[in-house]
Structures are given as C-alpha cells and as structure tokens.
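Trainee: Sequences are here, hints too, so could you generate the full structure?
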Amino acid sequence: MPGKLKVKIVAGRHLPVMDRASDLTDAFVEVKFGNTTFKTDVYLKSLNPQWNSEWFKFEVDDEDLQDEPLQITVLDHDTYSANDAIGKVYIDIDPLLYSEAATVISGWFPIYDTIHGIRGEINVVVKVDLFNDLNRFRQSSCGVKFFCTTSIPKCYRAVIIHGFVEELVVNEDPEYQWIDRIRTPRASNEARQRLISLMSGELQRKIGLKVLEMRGNAVVGYLQCFDLEGESGLVVRAIGTACTLDKLSSPAAFLPACNSPSKEMKESPLVHPPSHGCRSTHNSPIHTATGSRLTQNFSVSVPTLIYTGMGSGSAGKEGGPFKALLRQQTQSALEQREFPFFTLTAFPPGFLVHVGGVVSARSVKLLDRIHNPAFVGIMGNTRSYKLLDWNSFNSDEPETRDAWWAEIRQEIKSHAKALGCHAVVGYSESTSICEEVCILSASGTAAVLNPRFLQDGTVEGCLEQRLEENLPAGCGFCHIPYDELNMPFPAHLTYCYNCRKQKVPDVLFTTIDLPIDATVIGKGCLIQARLCRLKKKAQAEANATAISNLLPFMEYEVHTQLMNKLKLKGMNALFGLRIQITVGENMLMGLASATGVYLAALPTPGGIQIAGKTPNDGSYEQHISHMQKKINDTIAKNKELYEINPPEVSEEIIGSPIPEPRQRSRLLRSQSESSDEVTELDLSHGKKDAFVLEIDDTDAMEDVHSLLTDVPPPSGFYSCNTEIMPGINNWTSEIQMFTSVRVIRLSSLNLTNQALNKNFNDLCENLLKSLYFKLRSMIPCCLCHVNFTVSLPEDELIQVTVTAVAITFDKNQALQTTKTHVEKSLQRASTDNEELLQFPLELCSDSLPSHPFPPAKEHLESASSNSGIPAAQRAVTVEKASPMGEGNFRNRSAPPCANSTVGVVKMTPLSFIPGAKITKYLGIINMFFIRETTSLREEGGVSGFLHAFIAEVFAMVRAHVAALGGNAVVSYIMKQCVFMENPNKNQAQCLINVSGDAVVFVRESELEVVSTQQPTANCQPSCTGGEVTT
Amino acid sequence: MTSELDIFVGNTTLIDEDVYRLWLDGYSVSDAVALRVRSGILEQTGATAAVLQSDTMDHYRTFHMLERLLHAPPKLLHQLIFQIPPSRQALLIERYYAFDEAFVREVLGKKLSKGTKKDLDDISTKTGITLKSCRRQFDNFKRVFKVVEEMRGSLVDNIQQHFLLSDRLARDYAAIVFFANNRFETGKKKLQYLSFGDFAFCAELMIQNWTLGAVDSQVDDMDVDLDKEFLQDLKELKMLVADKDLLDLHKSLVCTALRGKLGVFSEMEANFKNLSRGLVNVAAKLTHNKDVRDLFVDLVEKFVEPCRSDHWPLNDVRLFLNQYSASVHSLDGFRHQALWDRYMGTLRGCLLRLYHD
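Top to bottom, those sequences are chains D and X.
Residues in the first sequence are numbered from 1 upward in steps of one, following UniProt numbering.
Residues in the second sequence are numbered from 1 upward in steps of one, following UniProt numbering.
Treat the hints with care, as some may be off.
[What the hints assert, rightly or not] Computed list of lysine-lysine pairs in DSSO-like fashion (alpha-carbon distance at most 30 Å, straight line):
#	chain 1	residue 1	chain 2	residue 2
1	X	235	X	111
2	X	290	X	111
3	X	146	D	45
4	X	189	X	238
5	D	535	D	501
6	X	75	D	45
7	D	39	X	75
8	D	247	D	206
9	X	118	X	132
10	X	235	X	188
11	X	114	X	190
12	D	45	X	142
I should point out that these hints are in silico values taken from the structure, not numbers from a laboratory.
Remember, predicted model here, so these are calculated numbers, not experimental data.
Mentor: Right, dumping it as structure tokens:
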C-alpha cells in the first residue's frame, strides 16, 4: 500500500438552480478514485452548500496515483427520479507525488459540465501520504519531475542532460464506440475526458520510468500531444528531455533581480563565454527520400529539407585540433543514444557549441480502420479504459505508431549527421490528420554540443578550460559544424564577422531560441511564410500519394518565402522556426513562423533583385524597376524600423581569405532560365549577396506582391515567436496572455491557389492587426511567443488559432539597463578574472572593447546620443500611456478590494515572468476539456460558444494553479483546439488541450522584503487549507 | 471570404471603457462601430474598419457574458471565469449601475412595475436615450429595490453591501428606492424645474428623520417606509394655525426677530399666515397616502411658488425658515416641540433645496 490519498469536500458556491419549484438545489458530492467511491451528505436547499465532510481516504498503489485522476462529481439529490449531475472536477494529483512540489491541493475549483460549462465552484482539499516503497521492480515513477519549460527551469541547475525520452499509448476513441450511439453526449464526452486523463497519466508514468532507467530525475521540455485519429483510435504521445537537476538552494545562486531571464543563467556558476564564429547558409537542397512502402500501412516518406549553413570541420587554426577532440567526446557521449535529440530550445551557457541548421522530416501515413467487434464487450469491464486491455487486442498498434515515429527520427538523425552534427536540439514532433490520412512531422536544429552536460563529470577538467579559452563570446554557435571541403550542399561561407577566425554561413535557420549570449544588432521581428495548395479530393492511397507529391513543393516555397521575407527585413537569421503543414479534404496549408534577427557574426544580407523575363519590353521594364524601387525602399525602411545598422566593416578584413566566385544565392523559379541572364544580372548590381527574384509569370508576380503586403506592426509594437525579443531587455511587469481564434469560410466558387493564398494571407494579417489594435493600451510592448496554429475543420473552413503574450517594456529605462548591464558584465568579467586565474586576461578586458562592433560600445553610444533629450522622450511615453482606455491596467498592483477573494494567476507561454523570480515549481498542468452544445444560437453562435469555452478553460487552469498554491503558469501552451460546428442542427463541439508549469513567483521588488520561503501568493490557498485541517 | 468565428480571450479580461460606454448606452454593434469611427480612432491607430468591427463585437460579447454577473455584483468578485483587476471590477459595476439624469427624472417615484416598464418606449422617445439603455436602468432600479426593500439596517449600507456601489451612487439608489416605495409624485409640470439631485437630497433627509429607522434601528423596512406613528402625530401641529392666538403670537415672534434683517420683510409679514398655514397643513395631511405622494407638489405650491412670486432671495428664505422653526419653542401653549423639530428640521432642509428657479 504505498500511498494514502485523502480528500475533503468543504463547500460549494454559486451552484445552479436544479429545482425549479424552490429555486434551490439539494447538492451532494461523489468522490471517486479508481474503483472506490465516497459520498457526502446531501445538503438540502442551498446554492452555497457547506458539506464540511470527513476525510475520505483511498489506499492505493502509487502506480494508480500516477495514472488516475481524482474525480469529483457534484449532483442534485432527487427523491423520486435519478439524481441529476451538476458537473465534475478532475484533479490531477501528480504534483503531490514529488517532494519539492505542492504538499496540498486546496481551493475553489470550477464545477464543469461538458454541456453547460462551468456551474458554480467547489472547495476541495486533497493530500497524499506516500510510504517508502522498497520494491525495486515497481511500475511507478513517482518523484520524477516534469516540466513543460523548454529550458532548464529557473531554480534548478542541470547536472546532466541525459537526452531524449518518448512514449506513446493508443486506445479506441470512446466517441467512436458503438455504445456512443445509445449514450448521451454528456456521457460520451465524459468518457473521453476521463480516458485521456488516464492515458496522460499512464504516459507520464511510463516516461518517468524511462527517466529513472537513465538515472535522471526530471523531464524538461515535456510535450504531450493527442492524435484524434477518428475511428482508428486515439493516440497520446509525448517527448521530452531527461535530465538530472539539482535544486539551487542558496538564494545567492539566483541572484539579483534582472529583467531579462538570461542574466540569471549567466550568474550561474557555469558561466563561461560561449563559442565563437558563425556561419550558415540556407541552401535548400532537397533530400528526396521518397520511400513509399505500400504494405499493410501505406506510408510515404517525404523529402526533407535541410535549411542551413554547412560547415567547417577544418575550423580555425587554433581551434582545429581541439574541436576534433571535442567532437570525439561528444560523439561518444551521444552515440550511446538511439536518438541524440533534445526538446530544449534554450541551454545552459556553453552547452551549445555549434549550430548546423534546421532539419526536418515528414511522412504521410494511412490510418488503418480497426474493425474489432469483440473489443466492445470488453470495454464494458471495470477497468476497461486501461489501455492495456485494448492493446491486447491490437497489440501491434502502438508498435506501428512507434515504428512510424522511429522512421522519422532516424531520418532526422541522418540529416543532422549530414550537417556534421551529432545532436538535434529544439526538437519537436507534430501530426496533421484528415480523415484517414496523417502527416507526421518532426523538426529540430542540428547542433554540436558540449559533452560536459551529457555525462557524469568525468570529462570536465582540462577540456572545460580549453573550451573557455577558445570560444569567444557571442558567435561560437554560428560557426559551421560541418566540413567546409565536404559540404552536403553548396553553401556560401565567410569568416565570422565577429571573431574572424571561423567560418559562418550567410544565413542561419534554427528552431531554438536565440542563445542568450548571441550578439544581435537591432531588434527582431516575427516572420511568417504562408501558403495554400489545392488538392484533388481523393481516397486512401491515391490521396496520400497526392499529398506526398505536393509536400516537397510546399516545403520549398515556404522556404523561399521565408528567405525573401528575411532579406526584405534586412536580417540574416531565423530563430524558433516552426513549419506547420496542415492537410484538409481539398487543400494543404503551410504556415511557417520564426523570429528574424540580425546576427552580428553573420554577413550583411544582400538585397533582393528583381529580374524580368523579357528585358526588352519597355513598359514591362518600367514596371519591374518600379517594383525594385519599392522593394529597396521597404528594405531600407525595415532596417530603420528594426534599428539594424551594423558597423561598416572594411572588405579586406572579412572577405579576402575566402575565394568567392559568386557571392550570391540564386533563387530558381523556373527551370528554363539561362545562364546568360545570370551574368547580366550580376552586372546590374555590383553588390554581393543579392537575391534574385525572377518574375516570369503571374505566380511570381503574386509572390512579389505578397512580399510587400505584409505590414509592419504599428509603432510601439514588436513581435516575435521566441521567448524573448532580441534587442529588448527592460521588460516591465505587465503581461497579458491571450488566445485568439478565427475561422473563415471560403467561397467555394473559383478557388484557385492564388485566391486561396490571398485569403489565407489576409486572414493572418488581419488577425495580427486586430491583436495590435486590441493591445494598443500596452504600448510600448512586445508580443512574445506568438504561436499560430492552422487547421482545416471542413472543406471550406480555415481556422487559425493564436496564443501569445504581450509584455510591456520601458523605453526610457532601456538605455540605463543596457548601460548597467554592460558595466556589470565588464565588472563581472574582471572579478572572474581575479577568481579564476585560468581565464585568459585578453578575453575579459580586451575582447569586448577591441571588437569592431562590440555590444558595449553599441549600447554606450546609443545611451550617450539619447541622454541629451531624456525629458522630451519621457514626455512622449507618458503621453502615450495615459490617454489609453486600458491605462488603468497598470494599477493592477493597487490594493485590491477588501472583499475580493480571488487571487490573480498569471499565465504566460514564456518560461519566465518579467520582473519576478520563480521560487518554486509546483508541477505540470495538463488538462483536456470537451465542450458541446445543442443550443448554439442561444449561446451567442459559434463565437459566443468558443469565447465562453476558452474563458472557462483559462479559469480552470487558474483554479488548479491557485489550489496548488501557485500564482502563475509558465510555458503555457494550447496544444489543441479542435472546433466542429453544425449550425443546421444548432450544435457545436470543441476540444481543448492545454499544458504548462504551475509556479510560485515573487516580484523582484518584494523579494527583499518577503522571505523566500513564504511567498505571499500562498496566502489564499493556505488560509482555507488551514481552516480545514484543524 | 467571410468570417465565421472571430474571438479574442485574454487571461486578464480586456475592458475598453469607451466601448463599455457605448454598450451601456444601448447602441448596436454597427452603431457603436460608426460612433467609434467618428471618434477618429482609425486615424489614431491606423486600424481598419474591419478591425474595429471585430474588436467591438468581441467587447460586446464579453459585456454580454459579464452582464449576468453584474446583476449580482458580489458574484463578479468571486467568480473565476473572468480575471479582472479589482479596480476594473469596481469600474464595471459603477458604470453599469450609473443612470441618466433625464431617465431617472421620468421614473422617480413611479411604481417599478411591469406597467411602468411598458412606458419605457415613450420615455426613450422623449429623452433620446435608447430603449435598451432605458431597460437596463429600469431593471437596475427594480433589482436594487427588490433586494433591499424588506431588509433590516441602513438602506445605503444594504445597497452598498449587495451591489458594491460607491457611496455616492448608493445614496442615489437609496433615494430612488425610497421614492419608488413611497410613490412621491415628481412628474407634475410644476416640479419639472427640480433635478434628481434635489429629490435625492430631500430623500436623504427624510430617511434620516422621518422613517422608522430614525427612531429604531432594529426593524424591517426601517429606512424605506415612513414612520406611520409620526405621520399620525403630525395632526397635532394643526393647532399652530387653527389656534388664532398661537398663530398671531408665532407671527409676531418671527417678525420681531427678523425686522430689518429681511429684504422682503413686508412681503413676509403680509404672507406669514398663508405660508404658515401651508406648511402646517402639509404636515397634517400626511396621514393619507395620497397626500404623502403629493408632498412635493404641495411644498412647491404652498411655499416655493408664493415666495418665488415675491422674489425672496434664498438667504431671506433661510432666515425666515430658521426663525419660523425656532420661534415655536417660545410658544408656551404649544406642547409638541419635539414633533415640530422632527418635522420642521427636515422640511426646512428640503425647502431650502427646492427653492431655486
């Protein structure tokens, strides 16, 4: 009996009226865990019942504790007929199972019903007594911590980063069982919610076991997804990165108060300057590995693109032998692993040595229909929803899915190898399903890692020191990891603009966050490529073949668009790249989002050159030159907007050592172009690195136009899809997380690719415009972690879901902060010097000022140039802030109303809270909800329905976090929002899956006052908890 | 391309004060968009009309969802669905319960019944306030009335506790509830010059001094119903005008004291008996519900209008009323001093407030 779960039902409030006659309710509560159920007394005639029950005690295995949710059902007692259910609360007790997280769950939970939504609240207290279990063969993995955060959580230190863990479980979807025809929608929804909750629990436990096997104690970057495969079942799969984490106990370890999350890491004892050099190219060689296996499972593996720069194994003179050594060690560390993948997107300093580029793989699969009548009978059994039962019938099923993913991962691995990398970071997997076709996608960034974190401390020592000696700050990760003489595809390399020692590509694409030490010029911006392709409706294999034939073209075009847009912004690198391909009945959609930046280490991007097909036609030429001018203007404007003004570097320093035949990448639109044209164009602009766009048909014209239609955000707004905005580090504390959903109906007539593209483009642009307008009161602010998801719920419907967080920043303070930051870093460097004598002096004192364009100088310059007019500047900001409608939001910190009892819970997709320190991680939040209505019109139509549902989901997440004693959710993500409507029947249904990490944070300003052990946020839950326990 | 669905949900519920105002004023989404366009917001922000439309729809939807909670403001504070900072919650409630002067003047003193609700069309046409807004204001009055009607304790406190209104607004609602309960006539033509503020001022004085609550704070309805016993007793005041000697003595006391101090002394002297009769008769009649309802009509007819026609300055009215009240204490034959003070103290305050153009 390894655990005792104790539950107490305290009270309810705001219950709905269940008895029309009395306008009251006779409520009681059923508490269920596993197969045991307890009931409270009936509290007669009240909408605010006070049950104040005894402690209900469940004695259970820890395996069950991990798998099962606690299920609380509130009912209305009816003497004559069946009791009516008011609603339910599912509580995941996992956070109580590891020692450092929450110790009690106590608070008000919304009572949720899948048909009526939230119907009142219930106050519950949950505790777990765990007994030590000496059984070594146990199936549970209690104690393994899970984090959604894709970096090392703030109050921990990574001792070892073990690597990739994955698992998936499969079951039949209750919605598609025969019994669904005779049960109510409510029963069906609840069966589904409960099943998914169980599956998640089981999955998490299994992953935990794998982590324990690897001798880790935590999973970071845990990403769990559901594939609703319809009749063929329900797949729950998860990936993550196993780590051994150490809690930073001394408060000194997470030192002062810095607005940017990055500094914190710098303060950690592991500080040492990262590597140097940079390079990347983005050539798009198409590795077409179209191996279609038409066995029992149809499968087409789709060509994969490797976006990136290629590398130099040869490296710089001094770096060479060392690098080889490093590689050897890393290799040995990584080779033991099947998949050297990491779901992390941000890393401890020194972890990431080089970045190769983006690797991705897709595969089209046909889902099998499962006809197994025998199955149904068994499902009626007591523990029917346990997946194991199901597996016994279709034992090959999970293996099939496993095999699919294994195939893709293998492909990713080989792509990484081709880039001279042993590892893939920022790794993620996704699916898109339409009827029986499923596209599996995986992508990541090929990288070379420092072995130090990958195995037990043996390697440390001299290697570490050498690393530190050899890698200059801010550019190391850009340096190509591959062999210059043996590049997998043609790339254009130059010597790093930062250190001049190593080679870098001209463009770098990655799926990770911008490394904190990267030297960036100016600010970043969100860059999106959007694309639609019509597809004939087809069945089964023909359909899958059609899709897999389209995919490479889509990938290619998405990539082209990204390149063009990046150039248009005058930038040279993309971070956080996420390409989503969505399949629908009659079309495919591609949406790529990334954050463009200008990396100081990479060469200045050339412009975009437009070339006409018929150079002799006068008017046409005029048109072309007009377009050219427009493009040039846009580039110039963008450079100004994003403050990209890299210092002029004299040619001799950079270019000379590399013989450069043609310093430009060509974008080939049509195969028919002649080589003469190239030279011709070459003459037309002497500048290197020009990007040529040939306008040889209307399609190309469209593309050029669409390039120019993207409107920059209004002044005062920035946007990015990474954690932090490059170039902004003075966040103020105001944050607003939001979800916005739009669905458009395409007119089914005359659907062409162009019309479709335009519609899709407009949809996204309008959505962004709306966001800017809505959040205008927060100016100056930045939309961070902008996450777009596209789905095609029906033939003519396109649904776009965006989740992001708007964070305000202080324009004026910026200058000061950067200044002090620089001072601090200089200071720190010098203290480091004294302490660690092995630190070469040049690095600290010389390197910064001696750079041609060191960050310090940059900041100081801007500081001094602006300091003359501080008053005027301040005036501007004040003026901007005050007249805005929502200006009062700033007063959030004002003393709350005396009678307000609801504590504020912040939610953010980021891993940090600006201006605050996360003091405790309370556990993972992973929730799945279904909401259905048969009175769509009455609930305000589809918009009203979904608006209310999303608000309810937020509320339930907040309530769970508050009950755990937390005051924020970080790394929040809405993984799924599946919306289906049937307006004719006045019906709609929506499924939402969200996750994140519940945390306790303390404002930096309060940090000095409040003792770290008793965060103010605990106030509310502990009060109620205290009352009850005594 | 048509937008099927378009929503924005923030973890902190976004409230746009301007849109809230338009919503409260009862404008439809399209009217609200048109008004916002006219305010020049498009130029300021560089947004398009479509963006404005979508934004307005979103806010309207939010307000619609919040409305249910606004009907019982404490629910807004405890609910979990919308995370709204306390200062914003207060603003939402305060604005929702705010009312238009023009509207309240139409409804003040009327029975808050279905019948009155049917007349809202006319009120809307007359005042230019949208019917939707009229309905909201009427329903607010009615809701507050229903909740506090039979409650023990201070009316203002009860309203504040159950509707979380500011002190100022709670006092206004107390006046509305008091007037609705006692059905004071306020719509007559000769009362048109009076503002809601005038009536609210009088209501407050009357609640303080003339209700059950003024003598006993432990009874139901204490602040809503007038003290019936007190009204009965007021008959006793009649001797002040019925007893000729008393009336003359009263007059001479007042005249002696005010001689030389009053600009309109002669007019006062000439009118004293009429005025005094008027004021005392009003008191004596208050036993009948009908006459209670006409209290303000009577006060204006019997006192305000005569004085106004003689062009009494306000200060003279004040001096007169002070002296008129005080002199009664010197009337040896009059035994109801306390009753007189309870009546006249309030009436004096009311009359001074009512006395303007």
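Trainee: All hints are to be evaluated individually against the structure, with a verdict given for each.
Mentor: Checked hints:
1. X:235 / X:111: holds (28 Å)
2. X:290 / X:111: Measuring from Cα to Cα gives roughly 14 Å; hence the hint holds.
3. X:146 / D:45: With a Cα-Cα distance of about 21 Å, the restraint between residue 146 (chain X) and residue 45 (chain D) holds, given a limit of 30 Å.
4. X:189 / X:238: At roughly 29 Å apart (the allowed maximum being 30 Å), residue 238 (chain X) and residue 189 (chain X) satisfy the hint.
5. D:535 / D:501: Status violated; Cα separation ~49 Å.
6. X:75 / D:45: holds (19 Å)
7. D:39 / X:75: holds (28 Å)
8. D:247 / D:206: Holds - the C-alpha atoms of residue 206 (chain D) and residue 247 (chain D) are around 24 Å apart, at most 30 Å.
9. X:118 / X:132: Since the Cα atoms of residue 118 (chain X) and residue 132 (chain X) sit roughly 13 Å apart, the hinted pair holds (cutoff 30 Å).
10. X:235 / X:188: The given pair, whose Cα atoms are some 26 Å apart, holds under the 30 Å limit.
11. X:114 / X:190: It holds: about 27 Å lies between the C-alpha atoms, which stays within 30 Å.
12. D:45 / X:142: Holds, at about 26 Å.
Going through the hint list in order, the structure does not satisfy hint 5, though it satisfies all others.
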